[in-house]
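Chain residues, written in single-letter form:
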Amino acid sequence: MATASTTTRFFHASCTAQDSDHGHDASTVTQKPAERPCYRCATPLPYMELICTNSECNAVQSIAPGTNYYEVLGMSPEPTFDLDVKSLRNRFLRIQQQIHPDSFSHNTDGNQVYAQQQSSLANKAYSTLKEPLSRANYMLHLLGSPVHETESLNKQELLMEVMEARELLEDAQTEEEVDDLKAVNDGRIQDAVKGLTAAFKEQDLETAKTLAIELQYWIRIQNVIRDWAAGKPIVADHV
Amino acid sequence: MLRTTIFSASRSLFAKPASLVAVRSYHPKVIDHYERPRNVGSLNKSDPFVGTGLVGAPACGDVMKLQIKVDEETGKIVDVKFKTFGCGSAIASSSYMTERVRGMTLEDAGAIKNTEVAKELSLPPVKLHCSMLAEDAIKSAINDYKRKRAAATGTVSASA
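Chains as they are written, first to last, in the working numbering: chain A, 1000 to 1238; chain B, 282 to 441.
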C-alpha cells in the first residue's frame, strides 16, 4: 500500500462520491491529462476548468473525474496539512461565484445540473479541508492510513485524560469553571494541531493518526463546552 | 431562553421537526436505556476486587468506562457501573451490558458477544461499533480484575 505511485493515490471518483465521509476513493483512476474537451463544443479546456472558455458556448463543465479535494479547490494534488485557511476560503468563494447554481436557475440545459454538482463538490472540499480534524482524517484516508469506524482504542493514558476532562465538565456548575476547562482544552487542540503539522511534514503517518484520534476527542469536548449551559445535563452529545 | 423560544416556535412550522426525525431512527429499547440508563456511576478504582475497563472509539471520539465488582468466593459479578460519553447507541449498549452481566461468572460475562447486544437493541449496521465497544469494555474490565488478583496473590502470569 505504501508503495502505490503518488500520482494514482491521491484521487477520487468525484461523480459517484456521496455516501462516505470522504467519498472520494481511488479505484479506476489513472494519471490525468492536462486538458479535456468541453462536452458541448469540444473546445480543449484546462482539466479543472469550470466553464467553457469559448464565449459562444460558456457551458458549465461536468465534474472532472479522478481529482481530490485539493485539486477541486485549485491546489496541487499533493495533500498538505499546513495550509492557509484564508486563501483556501478565497479559492472556494471564487469557485462558488463562478458556478453558484442560483446563477443558472433559469437554465434548462445541462448547466444547472453541472453547476449544482460542481458547487456541491466545492462545498464538500472546502468544509473538509478548512478544519484541522477533517483535513487530517482526509489526508490519512488519501495516504492509505485512515481511522476506521470499527477501531477500538486502548490507550489508557489518553482515555483517562478524556474521561477526567468529561467528568470535570459534567460536574461544572459555573461559567467560570467551564471557561477554565475550555482554556485547558484549547491548549490540547493547539498542541495536537502543531503535532499534526510536524508529523505530516515528516510523513510520519503513525504519529499523525494517533494525533488525529486525540484531536477527535478534544474537538468533541470543545463541542460539549460550546453547548454547555448551567444546569443542562450532558447526555448523548452526538447522534 | 430566547433561543429556545424561537426554536420551538419555528419548529411548529415544519411538518417534520428535526428532533423527532432523529429520535425516530433509534429503536424504543435504545431510547429506554438512553432515557433511564441503568447502573450509571463509578466504583472505587483502587478496590482490589473492582476491575475497570476503559475503552474508546477513535473514529467518533466516544469513551466508555465499565467497572465490575467481583465476589472472590463465588467468582461472580456482584456490582457493575458504567459511564459513557457518546451517542445514544453507545450509552444504551453499555447500559444493557451492565444489566446483562450482573450476577454472572467472569467466564460467562467475557463470552458475551457484541452481536447479542446489537440484536437486543436492534442497532442498525452503522451503530454496530457501539456494541463492539461495550464488548471491549466488559472484556477489559475482566482483564483488569484478573490482573489485579494475580498481582495480589503473587501469581506471575499477569497477561490476560
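Keep in mind that the hints are not guaranteed to be accurate.
To be verified - In silico contact screen, one side only, chain B against chain A (beta carbon under 8 Å); selected entries:
(1) HIS308
(2) PRO309
(3) ILE312
(4) VAL321
(5) LEU324
(6) ALA338
(7) VAL344
(8) LYS346
(9) PRO405
(10) PRO406
(11) ASP417
As the list claims (entries may be wrong) - Label pairs and their computed distance ranges (CB to CB):
(12) B:VAL359 / A:LYS1129: 36 to 42 Å
(13) A:GLU1205 / B:ILE312: 25 to 31 Å
(14) A:GLU1205 / B:ASP328: 47 to 53 Å
As the list claims (entries may be wrong) - Once the Cα atoms are required to be at most 25 Å apart in a straight line, the calculated DSS-like pairs of lysine-lysine come out as:
(15) B:LYS400 / A:LYS1154
(16) A:LYS1154 / B:LYS310
(17) A:LYS1154 / B:LYS326
To be clear, the hints were calculated from the coordinates, so they are not data collected in a lab.
Backbone N, C-alpha and C fix where the C-beta goes; we use that ideal spot for every residue, glycine too.
Hints and how they fare:
no., hint, in the structure
1, HIS308, "14 Å, violated"
2, PRO309, "16 Å, violated"
3, ILE312, "11 Å, violated"
4, VAL321, "10 Å, violated"
5, LEU324, "14 Å, violated"
6, ALA338, "7 Å, holds"
7, VAL344, "5 Å, holds"
8, LYS346, "6 Å, holds"
9, PRO405, "12 Å, violated"
10, PRO406, "10 Å, violated"
11, ASP417, "5 Å, holds"
12, B:VAL359 / A:LYS1129: 36 to 42 Å, "51 Å, violated"
13, A:GLU1205 / B:ILE312: 25 to 31 Å, "40 Å, violated"
14, A:GLU1205 / B:ASP328: 47 to 53 Å, "36 Å, violated"
15, B:LYS400 / A:LYS1154, "28 Å, violated"
16, A:LYS1154 / B:LYS310, "31 Å, violated"
17, A:LYS1154 / B:LYS326, "18 Å, holds"
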